[in-house]
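Number of protein chains: 2
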Amino acid sequence: MATLHPLDPLTTQEIEKAVGLVRKAHGSLHYNAVTLWEPRKAQLMAWLADPEKDPRPHRVADVVAIGKGSKVYDGLVDLNEEKIIKWELTEDVQPLITMEDLQIVEHVVRKDPKVIEQCEILGIPKEDMHKVYCDPWTIGYDERFGRKIRLQQALMYYRPHIDDSQYTYPLDFCPIFNADTHEIIHIDVPPVRRPLSKAPPNNYHPASIEEKGGYRTDLKPLNITQPEGVSFKLDGRTIDWQKWKFHVGFNYREGIVLSNVTFNDKGEDRPIFWRISLTEMVVPYGNPDHPHQRKHAFDLGEYGGGYMTNSLSLGCDCKGAIHYMDAAFVNKAGESYDIKNAICIHEEDAGILFKHTDFRDESVIVTRGRKLVISQIFTAANYEYCVYWIFHQDGTIQLEIKLTGILNTYAMNPGEDTKGWGTEVYPGVNAHNHQHLFCLRLDPNIDGPNNTVFQTDAMRGAGEVGSAENKYGNAFYAHKTPYKKVSEGIADYDGSTSRTWDMANTNKLNAYSHKPVSYKLVSREVPPLLPKPGGLVWKRAGFARHAVHVTPYDDEQIHPAGRHVPQTSGEPSKGLPEWIGDGSASIDNTDVVLWHTFGLTHFPAPEDYPIMPAEPMTLLLRPRHFFLRNPALDVPPSYARTPSQIKGLSNGVTDATDKMSTLAFEPTTNGAKTNGSCCNGS
Amino acid sequence: MATLHPLDPLTTQEIEKAVGLVRKAHGSLHYNAVTLWEPRKAQLMAWLADPEKDPRPHRVADVVAIGKGSKVYDGLVDLNEEKIIKWELTEDVQPLITMEDLQIVEHVVRKDPKVIEQCEILGIPKEDMHKVYCDPWTIGYDERFGRKIRLQQALMYYRPHIDDSQYTYPLDFCPIFNADTHEIIHIDVPPVRRPLSKAPPNNYHPASIEEKGGYRTDLKPLNITQPEGVSFKLDGRTIDWQKWKFHVGFNYREGIVLSNVTFNDKGEDRPIFWRISLTEMVVPYGNPDHPHQRKHAFDLGEYGGGYMTNSLSLGCDCKGAIHYMDAAFVNKAGESYDIKNAICIHEEDAGILFKHTDFRDESVIVTRGRKLVISQIFTAANYEYCVYWIFHQDGTIQLEIKLTGILNTYAMNPGEDTKGWGTEVYPGVNAHNHQHLFCLRLDPNIDGPNNTVFQTDAMRGAGEVGSAENKYGNAFYAHKTPYKKVSEGIADYDGSTSRTWDMANTNKLNAYSHKPVSYKLVSREVPPLLPKPGGLVWKRAGFARHAVHVTPYDDEQIHPAGRHVPQTSGEPSKGLPEWIGDGSASIDNTDVVLWHTFGLTHFPAPEDYPIMPAEPMTLLLRPRHFFLRNPALDVPPSYARTPSQIKGLSNGVTDATDKMSTLAFEPTTNGAKTNGSCCNGS
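Here the protein sequences line up with chains A and B, keeping their order.
The opening position of the first sequence corresponds to residue 5 in the numbering used here, with each subsequent residue numbered one higher.
The opening position of the second sequence corresponds to residue 5 in the numbering used here, with each subsequent residue numbered one higher.
I should point out that these hints are in silico values taken from the structure, not numbers from a laboratory.
Just so you know, not all the hints are guaranteed correct.
Stated by the list, open to error - Derived pair list, reagent style DSBU-like, types lysine-lysine, alpha-carbon separation capped at 30 Å:
| hint | chain 1 | residue 1 | chain 2 | residue 2 |
| --- | --- | --- | --- | --- |
| 1 | A | K512 | B | K423 |
| 2 | B | K249 | A | K216 |
| 3 | A | K423 | B | K488 |
| 4 | B | K72 | B | K118 |
| 5 | B | K475 | A | K118 |
Use the sequences and the hints to build the structure in full.
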């Protein structure tokens, strides 16, 4: 265990050790989660600063277990001391729904007489119940049932053939499943019934494509090779690439977690972020008809972005030389298991990093960029989320998310009016409007933990056109507003001022610009939460009410919709709204966390069906006044030629620059060759 | 000539033929431009519909020539008839500044006594005048000089050594150059002088990097190869790739022009856009001090995005298998010349195109995407603009622009206050705030020329929380506003409603969604024009006053700031504001053009200096209700496995899908191999 980094996820051995200790003390339980309880920041920072002297943080397991009668236990197990240091019965909460919890429901609904009866009403004979499927969702919150009983709602579908896409045959009723008794306790039936669709299947699998004319045959191979391997080094889970250094963690809730992110600036590893992750999301659907208001999944808090993650060994999720990392989890019975290749780490060409040509003499420099991508893909029932954490050589961190998979669908009758709440993407298939709102948790560490967040708005200068101060009216500037109190650090996006946010260290000024060293959040896909203030989603997803919230750092504050999200009523709102309190806490020049909610609003169209082309979304974290100059100037150029060399071409002058400018065409191994080879076509 | 497509740029032979005819008729002139006069739309559409029957459009040269006394002639030469069909003396205009025009200025300023005197005042001895450089800009508009005389302003710099970056040594005065007499007619001298900076050079060339520790040596080669060549076919300049078909044009103003863009939908080439191009841009600077208001270059209208384009043979601007196209232009003397490799056409891997995994049984499909990139790079004095027109297999067209090159800089004294109008990016170097605003001209042809533009806003549903119609407050929908008159088609961006615009054909509904077939403009980098209404930039750059303008199609309306942009006063505003007129013209279900102004506001930081890491910006044109389903379903998957096959694994069932699912691992040439090979690391 001494070889593990304090932030490394629990190993399978550690998980089973933790379970063993709990079992000994508390007997038979169902395990919901056994994950790393991250060391307290102060202790870990001290240890990292001096690994020799300070006590190494203990390995501690954070345990969520469920006993009979949906009793929920939260505990902590010190694996070094081999003892349980905390064990509490937590009243009035429901932990997230695991894949195992989901798997059961389909089997139960198929056998339930009331469900069979409903299927018959829609035209499905009881002998066809094996063709009936369901996507079990958390119930969200339903005031009729509260949160005492652990519930799921079953979104119902039908498959004429096992290989048909069920989303073309949605059923109009919705059973409620009791996870404790494995019973259907209620079925929501709409006032207007919608018999099973008679439309032919709308499939995307190879047999159906072959039937409809087959696959394209004119796509030629495009190969990406790295004959000398990757450019990054791994020390355990700490990655070192192009001056970047950071730890790659992973847990059942957030999936990928990046910690202690630093950039080597002239020999010094300068801290930038202490911790970055996606901590929550909510996907509200826009159809007001009961019971669709329950469709607003918190995919991370109610299911787990780690639990749902794909094993990337099957498909072709990355190209190039790949390094994979596995993920270890606990199952219901308390046994550990692995998801192989949960994380993909690879490099990609990034196109032109910088270029300039002097129009006088065609002296030129062109330098090609490389990027490092840390990615995972998770499947939330119908949807796929592809998450790419991208590191650039110029100090930029980019988060790209691609949405693909399949639209959530509901039944509609021929000629039925969607009333604008959805789109008929195929006969009988109503794809409801929805939003995907992600919550990015940024714990900045800009040259140290004491940071201040500034709001930056592009503003017109004072002075009317014709005035002495602004005669031609062309004055404009960056208006910066520091957030000093939590109440001030609650903000919406403003496209009309190209609003951005700077995470700055006001104790350290850039020697040239005399402005605080900072990293800027540049995010342009920032729709407001469309469900209304005071409504169910607004109450449950407090983090999504605004684009930005800033709070003082607290070790306990990771999950902005609460630790246990399913069946929360939002009365009171859990997580971020609690932490904001009266808003009087200082966030000025102290250890702060920036919570950013971003995403998109999706009005479906037939092009998104039967499987959706990936829709990309991105945001940037860019150094501003952090470096004294472009930190990527020492990336070997593909080609460089100076004015004196151009003269030199005639009079035979050569110098150091000449050596570099021809690098592009020499078989060296410092990257220039690769760039160079693009000059002759690869 | 019969082999040329009517939209092909003029060949060198055609250019010289046109010049020959003009010379014969009008004697000695300086040539500003000789470019293709595109066939009138109606005539070309008729010919394309039936190339055999209809008369083939003549090849016509559009000529701009300048005579003594800055007399400007606009003419048309019919190359088939070999005669001049139009020749006019155009009063009161100045055609754009060519590279030749720019080259002269530096030589003149170095010899001008008044300039030498100013240099001496700043501490540059007259024997060092060969170290003095200037970036000549159009003067924009200076009310003191009007537009009768053809003028340029010389932004002055100094180089201690020929290889030093001059932008670190800006000089504080600005000579005005008369292009007709080659004289300096005036020098703008600031009230406070700023002697030559004593700071050491801030260079990015290889010698200076070697000095400061040298290049990174840990970047391993990343090779991209296409052993079987590219997947596109070219018939002249008409490209056929993955169901897309379009013509690639190029001219001195707009650079790349894409025409007659169609997508093959089940055997039918469906029209989408008649013509797409960047037609104008303006780069206003935000410092109100005289004479910086003159810094607001119209890079396309005042210099030409074609004239300034880079030859891509030198550096490594693209990777993979590249197809290049050259560009032919006229010089001042009337001779034609080529820019080799002005356009780069290549394919790139596009990551995951779509993916879905069924959580029940891990049945899965993952399909990798490919994209086609048509690109050019042009250098506008200090800045580089990299323009990428990207075609995706799902029917999406993406425009990506990367900004790189060098910041425009001005001198500042030690301790001088920038007053927020700029940033000290290096001692003595003030980089002024600025915007890059591009005008994208979209001539939609969505299943035909008669189209209507709709504004789409994401809106909350009616009904308060608790009301019968919206009990839980979760109702939201896409509010669509059709633009029926030109006055209605003038709109700003609204981030709070995630505003997009649909170019729709209301005469044709999608059979499933019953909504008009359309293409959606999704653009999120849309700052307002920051120079104030009524001010100089606002008057000259009418197109930039709003994010969107829609006008009825007119063959003559291509350049939204006017045909001749330099030295326009904006009184009255040229181009788009003229075309808008009283706004009463119908744009409902007729042939329309959508003008979209987008870009970014740049507040410089030291990281952007001495050469700026590429800053990317992108927008999408996406099919909505245009196709009946995802049009990329027939792209060969990297891997596919259906539920029945998973059962089959035990009982030996195989079928068509099995063939496909293993394609990934078979050496075929239909693209699957490439995707497949990524599974084992390339």
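Against the structure, the hints:
Between K512/A and K423/B the alpha-carbon distance is near 21 Å, which keeps this suggested pair within the 30 Å criterion. Proximity of K249/B to K216/A is assessed by CA-CA distance (about 22 Å); at most 30 Å being required, the pair is judged to hold. A threshold of 30 Å between alpha carbons decides the hint, and for K423/A with K488/B the separation of about 24 Å falls inside it, so the pair holds. With a C-alpha separation of about 26 Å, the suggested pair K72/B and K118/B falls inside the 30 Å cut-off, and the hint holds.
The straight-line distance between the Cα atoms of K475/B and K118/A is roughly 28 Å, inside the 30 Å bound, and the hint therefore holds.
Of the numbered hints listed earlier, not one is contradicted by the structure.
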